[in-house]
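Engineer: Now for the letters of each chain:
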Amino acid sequence: MTVETTVPEAPVLRGSRCADCGNVAFPEAAGCQRCGGTALSPLDLARRGTVWAHTVQRFAPKSPPYVPPAGGFAPFAVGYVELPDGVRVEAVLDAIDIDDPAELTGAVVTLVATEPVPRFATRQHQEAGR
Amino acid sequence: MSGGDVSIIGAGLSRFGRQPGVSGREMAVQAIHAALADAGLTWPDVQVAFGGSDGAGLADTLVAELGLTGIPFTNVKNGCATGGSALVAAVNAIRSGAAEIALAVGFDKHPRGAFDPRPEDWGLPVGYGEAGLMVTTQFFAVKIARYLREHDLPASLLATIAAKAYRNGALNPNAWRREPMTEEQVAGAAMVNDPLTQYMFCSPGEGGAAVVVATPAVAKRLGARAVKLLAVAPRTRAFGTFEVFSPAIQGEGTPTSVSTVAARAAFEMAGVAPADIDVAQLQDTESGAELMHLAETGFCAHGEQEKWIAEGATEIGGRLPVNTDGGCIANGEPIGASGLRQVHEIVTQLRGEAGARQVPGNPRLGFTHVYGAPGISACAVLEA
Numbered sequence: 001m002t003v004e005t006t007v008p009e010a011p012v013l014r015g016s017r018c019a020d021c022g023n024v025a026f027p028e029a030a031g032c033q034r035c036g037g038t039a040l041s042p043l044d045l046a047r048r049g050t051v052w053a054h055t056v057q058r059f060a061p062k063s064p065p066y067v068p069p070a071g072g073f074a075p076f077a078v079g080y081v082e083l084p085d086g087v088r089v090e091a092v093l094d095a096i097d098i099d100d101p102a103e104l105t106g107a108v109v110t111l112v113a114t115e116p117v118p119r120f121a122t123r124q125h126q127e128a129g130r
Numbered sequence: 001m002s003g004g005d006v007s008i009i010g011a012g013l014s015r016f017g018r019q020p021g022v023s024g025r026e027m028a029v030q031a032i033h034a035a036l037a038d039a040g041l042t043w044p045d046v047q048v049a050f051g052g053s054d055g056a057g058l059a060d061t062l063v064a065e066l067g068l069t070g071i072p073f074t075n076v077k078n079g080c081a082t083g084g085s086a087l088v089a090a091v092n093a094i095r096s097g098a099a100e101i102a103l104a105v106g107f108d109k110h111p112r113g114a115f116d117p118r119p120e121d122w123g124l125p126v127g128y129g130e131a132g133l134m135v136t137t138q139f140f141a142v143k144i145a146r147y148l149r150e151h152d153l154p155a156s157l158l159a160t161i162a163a164k165a166y167r168n169g170a171l172n173p174n175a176w177r178r179e180p181m182t183e184e185q186v187a188g189a190a191m192v193n194d195p196l197t198q199y200m201f202c203s204p205g206e207g208g209a210a211v212v213v214a215t216p217a218v219a220k221r222l223g224a225r226a227v228k229l230l231a232v233a234p235r236t237r238a239f240g241t242f243e244v245f246s247p248a249i250q251g252e253g254t255p256t257s258v259s260t261v262a263a264r265a266a267f268e269m270a271g272v273a274p275a276d277i278d279v280a281q282l283q284d285t286e287s288g289a290e291l292m293h294l295a296e297t298g299f300c301a302h303g304e305q306e307k308w309i310a311e312g313a314t315e316i317g318g319r320l321p322v323n324t325d326g327g328c329i330a331n332g333e334p335i336g337a338s339g340l341r342q343v344h345e346i347v348t349q350l351r352g353e354a355g356a357r358q359v360p361g362n363p364r365l366g367f368t369h370v371y372g373a374p375g376i377s378a379c380a381v382l383e384a
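Chains as they are written, first to last, in UniProt numbering: chain V, 1 to 130; chain R, 1 to 384.
Bound-form chain V, shown alone:
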């Protein structure tokens, strides 16, 4: 599960690490998928990683369960971010131009939100937001 941090500008994803084999899981797991171990300790995951692969959601998902943003549905990028902790996390990806493969493919991205799902942003997107 993800947890809200006390510092709003520094969200963090909570995963876990297996005491027996060192495997890292997200969300925080009760049992280790790799070795079956049950001794897992909570682990705050790195806030920066690289985009492993992504796609673009071109049509509005079914509602419910989807809750479109206030301005209505707009296509968004979604993919997996490879973190140095040794796990790839599914996330919505913020970019200036989601149709520009150069901005997202293999890009370094930073965690910007943990709820309702992890959200990472490209450097360009973050700079534009400042």
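FYI, nobody ran anything at the bench for these hints, they're computed from the structure. Computed from a predicted model, the values in this text were never measured in an experiment. Every residue gets a Cβ at the ideal spot worked out from N, C-alpha and C, and that includes glycine. Check before you lean on any hint, since a few could be wrong.
Claimed, not checked - Calculated Cβ distances over 10 Å to all of chain R for the following chain V residues:
| # | residue |
| --- | --- |
| 1 | V12 |
| 2 | A19 |
| 3 | D20 |
| 4 | G37 |
| 5 | T38 |
| 6 | S41 |
| 7 | P42 |
| 8 | L43 |
| 9 | A46 |
| 10 | R48 |
| 11 | V112 |
| 12 | E115 |
| 13 | Q126 |
| 14 | E127 |
| 15 | A128 |
As the list claims (entries may be wrong) - Which residues of chain R face chain V? A few of them, derived with a C-beta cut under 10 Å, are:
| # | residue |
| --- | --- |
| 16 | D116 |
| 17 | F139 |
| 18 | G240 |
| 19 | F242 |
| 20 | F245 |
| 21 | G251 |
| 22 | P255 |
| 23 | A275 |
For this one, chain V is given, so just place chain R on it according to the hints.
Structural biologist: The following block gives chain R in isolation, referenced to the frame of chain V:
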């Protein structure tokens, strides 16, 4: 196969595609009667049955329409592997000596449009639904996007593979999609999740499929046009795979595939190599899946698909014809039925009864592969 040989003595389908007013259970009964007629049997000959659907009802209730013969009838619910799991159970009943004639059935009737799974059913926080991540097509797109990049393959292969499915479907009187579609039409269709367009995906559909298995002695006594089942191997995922609705991919390096493990087990059990196979059915939830499964199941090396497809290797008449009936793309995806539809097609091909889509040269060995959520695969090897 250890524990005694098993023969497929009958295979049958209902119609596939939209059938207003016909229930999934009715399609299952049609498929069962077709399979029994194919075997020269009637329902009272069946000694044990296994079957299921994802959302069209319980298979054991079919006895109300089939006849109350009192046999054990076990429900199976195993996602895309429902048909495969039912077949494994039927095969095991024969191998164990519990029965001489066993039946497997799968069926479904899905409403129009994409599946709409609930996050809580998959052990995920509700936020994944709210954020629009409970969409199966995203998984396929992310996986193939990564794969094309890793292996330097052109995205145009995705349209080529889909066009083959529609072309084969046009040759199959029972297919849902029977209109050929050009690569340009496929590539130019609405983008769903890049790089996959609308016509590269199969659609949730309708249909039923049934298979009758028996001991070789019974097959011989009946004079059935039997096909030998050399191996059937169901597997669940090992550590490090990449599956639909995963909040994370655990482990490092290239994800492993349950299809690789199941295929390897099936080949080993059958005592044959991928190169020996004459005709194959590979899970083609979308055309990228067929592309990746060609390599995951061991038929070619990763990245070699471009050369294979350019040579027409997977076409009817090629080195390894794949999804000769049009696959899921042309037949639709009634989840419970697809695995047994694949077996029906291979049985039909190995008997030389596939008509306009018949693989030339008397194919002797066939292969089937299903893959589905949450990381399951079943593979089978059949011999004429």
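Engineer: Give a verdict on every hint.
Structural biologist: How the hints compare with the structure:
no. : hint : verdict
1   : V12  : holds (15 Å)
2   : A19  : holds (16 Å)
3   : D20  : holds (13 Å)
4   : G37  : holds (12 Å)
5   : T38  : holds (16 Å)
6   : S41  : holds (16 Å)
7   : P42  : holds (15 Å)
8   : L43  : holds (12 Å)
9   : A46  : holds (13 Å)
10  : R48  : holds (16 Å)
11  : V112 : holds (14 Å)
12  : E115 : violated (6 Å)
13  : Q126 : holds (20 Å)
14  : E127 : holds (24 Å)
15  : A128 : holds (22 Å)
16  : D116 : holds (5 Å)
17  : F139 : holds (9 Å)
18  : G240 : holds (8 Å)
19  : F242 : holds (8 Å)
20  : F245 : holds (9 Å)
21  : G251 : holds (7 Å)
22  : P255 : holds (9 Å)
23  : A275 : violated (31 Å)
Hint check: violations occur at hints 12 and 23; the rest are consistent with the structure.
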